[in-house]
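Go by the hints and put chain B onto chain Y.
Protein chains: 2
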Amino acid sequence: MERDLIAKIQRLAGVRTKDSSVLVNIGDDCAVIAPSPDRYLIITTDTLVESIHFDLDYFDPWHLGRKTAAINLSDAGAMGGNPRWAFLNLAVRPGMTDRFWDNFSKGLLSRLSEYRVSLVGGDTVTAPDRLSFSLTLIGEVEKGKWLSRSHAQLDDLIYCSGNLGEAAAGLKLLRKYKEKRRPFEGRKGTHAISRTAIKRLVGKHLDPEPRVTLGQALAESGLVKTAIDISDGIATDIAHVCKSSKIGAEVWAKEMPISRALKEAYKILGISPLNLALTGGEDFELLWTVSKRNESEVRKIATEVLGYRPFRIGKIVQGDGVLLKTSQGAKEITYQGYEHLT
Amino acid sequence: MERDLIAKIQRLAGVRTKDSSVLVNIGDDCAVIAPSPDRYLIITTDTLVESIHFDLDYFDPWHLGRKTAAINLSDAGAMGGNPRWAFLNLAVRPGMTDRFWDNFSKGLLSRLSEYRVSLVGGDTVTAPDRLSFSLTLIGEVEKGKWLSRSHAQLDDLIYCSGNLGEAAAGLKLLRKYKEKRRPFEGRKGTHAISRTAIKRLVGKHLDPEPRVTLGQALAESGLVKTAIDISDGIATDIAHVCKSSKIGAEVWAKEMPISRALKEAYKILGISPLNLALTGGEDFELLWTVSKRNESEVRKIATEVLGYRPFRIGKIVQGDGVLLKTSQGAKEITYQGYEHLT
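From first to last, the protein sequence lines are chains Y and B.
Take the first sequence: its letter number 243 is residue 243 in my numbering, and every next letter is one higher.
Take the second sequence: its letter number 337 is residue 337 in my numbering, and every next letter is one higher.
No wet-lab data here; the hints were simulated from the structure.
Among the hints, a few may not be true.
It does not matter which identical chain is used: a pair holds within one copy or between any two.
[As the list claims (entries may be wrong)] Here are the simulated EDC-like pairs of lysine to aspartate or glutamate, each with C-alpha atoms no more than 20 Å apart in a straight line:
hint	residue 1	residue 2
1	Lys106	Asp55
2	Lys243	Asp4
3	Lys315	Asp102
4	Lys246	Asp4
5	Lys315	Asp129
6	Lys145	Asp46
7	Lys325	Glu114
8	Lys300	Asp38
9	Lys143	Asp38
10	Lys243	Glu50
11	Lys145	Glu295
12	Lys176	Glu264
13	Lys325	Glu255
14	Lys300	Glu255
15	Lys172	Glu140
16	Lys106	Asp207
Bound-form chain Y, shown alone (with noise of 0.2 Å):
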């Protein structure tokens, strides 16, 4: 098989791999790219195991493939960089058709095209029991221009660029309900929740959009240096900041950006959709933090490419952890799973 899965995808990518830049592609020893000049290269890497991070009792394989590629995307667009190079690593299972790699490649390429990112190189290789991927996104970045966790300051305030928590509840009811790809449709037990609502938070899970164009327009701004992407919940992904910054941060419950949907998904999945916001991963969404000076450029930057105001939820403080302030009061939350909030 060596290699001829990724050459059939490719094929598939037709005039996406017109690409200039590329001088040797699939089907020799290594790809030869040619890069831009006095530009940094960012890199990132992302492995996808059957039954941990997808199950295709659920996944169809048009969405398996968007959201392979949407994930690396989104690492490209927390550094603020330009995605433009892509290297698949299948390891494959007996028991796959032609049909699904035809599928999951449309949607692989789909996801890169939008970024004009070319696929030219990987690995088929073949697995006993076990489908898994892992896709090497290559990009480039201006120098001196990327966006790092590690440049948090005091009193910088943090934004994020949509709801959070729907990722996880969309998990959560197809894990609930296992439903093959038209999950709840006239299914018993759905009535409390709309049709709306759930192909919402379900679609937050198949299909994230990875914040590649907001990303760059930061960066390219100058007035913004710490982003990073929500793929494994706030209270986590803000403490990665916290501890590469070497401060603290506080978020506001009530400025949690929760949507009507996860709101009414309470209804079927008993969490509540604060603690959700709090810890659900997977929403892909970009955080940053942004200094008082430079919040209401930014904003309208920020508007400008989402085509609705980002959301301000909180503020780096003295300290090394991450606290929820409600009206109760102050609580630590650094790093933690909803499993410890319920």
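The following block gives chain B in isolation, referenced to the frame of chain Y:
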């Protein structure tokens, strides 16, 4: 676990991580690296899955780490490139000890540091039942000076850098006896083959030598344009060159570099040395083609790097496949594995 293990491996690297080209290291959303000006990038990635590509019954973690690195280094060498930065994806199953990871890391880093490659990123995830790794290597190559599979010309001579078939014989010996750690010592049935021969063959499987320096020297000379590393056996690897270069090749049975150890192994394995030399994978020797005009100069360069004369094993001819020439005549071996040749 998320990234912790890779951070730990990197800490073990100690001084080796002090690489001024690495601007953002493990622990952010992406690594940031500064490539050299006026170079192209080469990228290769390979995946190894437990029980498909290795078996912990006979692979100790130190050698497994070294081989994970060597496979990718070999690809970089086959492009004539300079490997510089590595990214490791680990899918870790239950039951792995700290000691395993310490030894794996030390092995991996020992091979990478021979070529001054820095481990700068990766991903660690949980796998339910099987260990797997992907290593991705980024390197650099002078513009217009890389080796590829696609420039073999009619009448070029085909050379290779070392004995063939040894790694395949080593693997078969390991599988045959499933000895742990110290194969074959004091076992019945081993009297037919010397300990020196066993050590040599098994060593070639566990710890192959990537021909990075040789590939660089050949590319640098400007006299060689076509190379491949022998990972699948020459019946397949020369077929790759033929396909990419749109031409045929013949290999000469009497010129095959067959070691005395491989001949000895026949007594135990019952597979002819010629057969193993033509079809045995994972030797990771370098194969290249050179015009008659440049032959002696290139042989001199290779001899200097290797410390012995490389082996002239065939030539490029009209056609589209690989022919084996023996005293009995010619026989097509394109893409054949040893199953077809016994």
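Legend entry - Hint numbers contradicted by this structure: 3, 5, 6, 7, 8, 10 and 15
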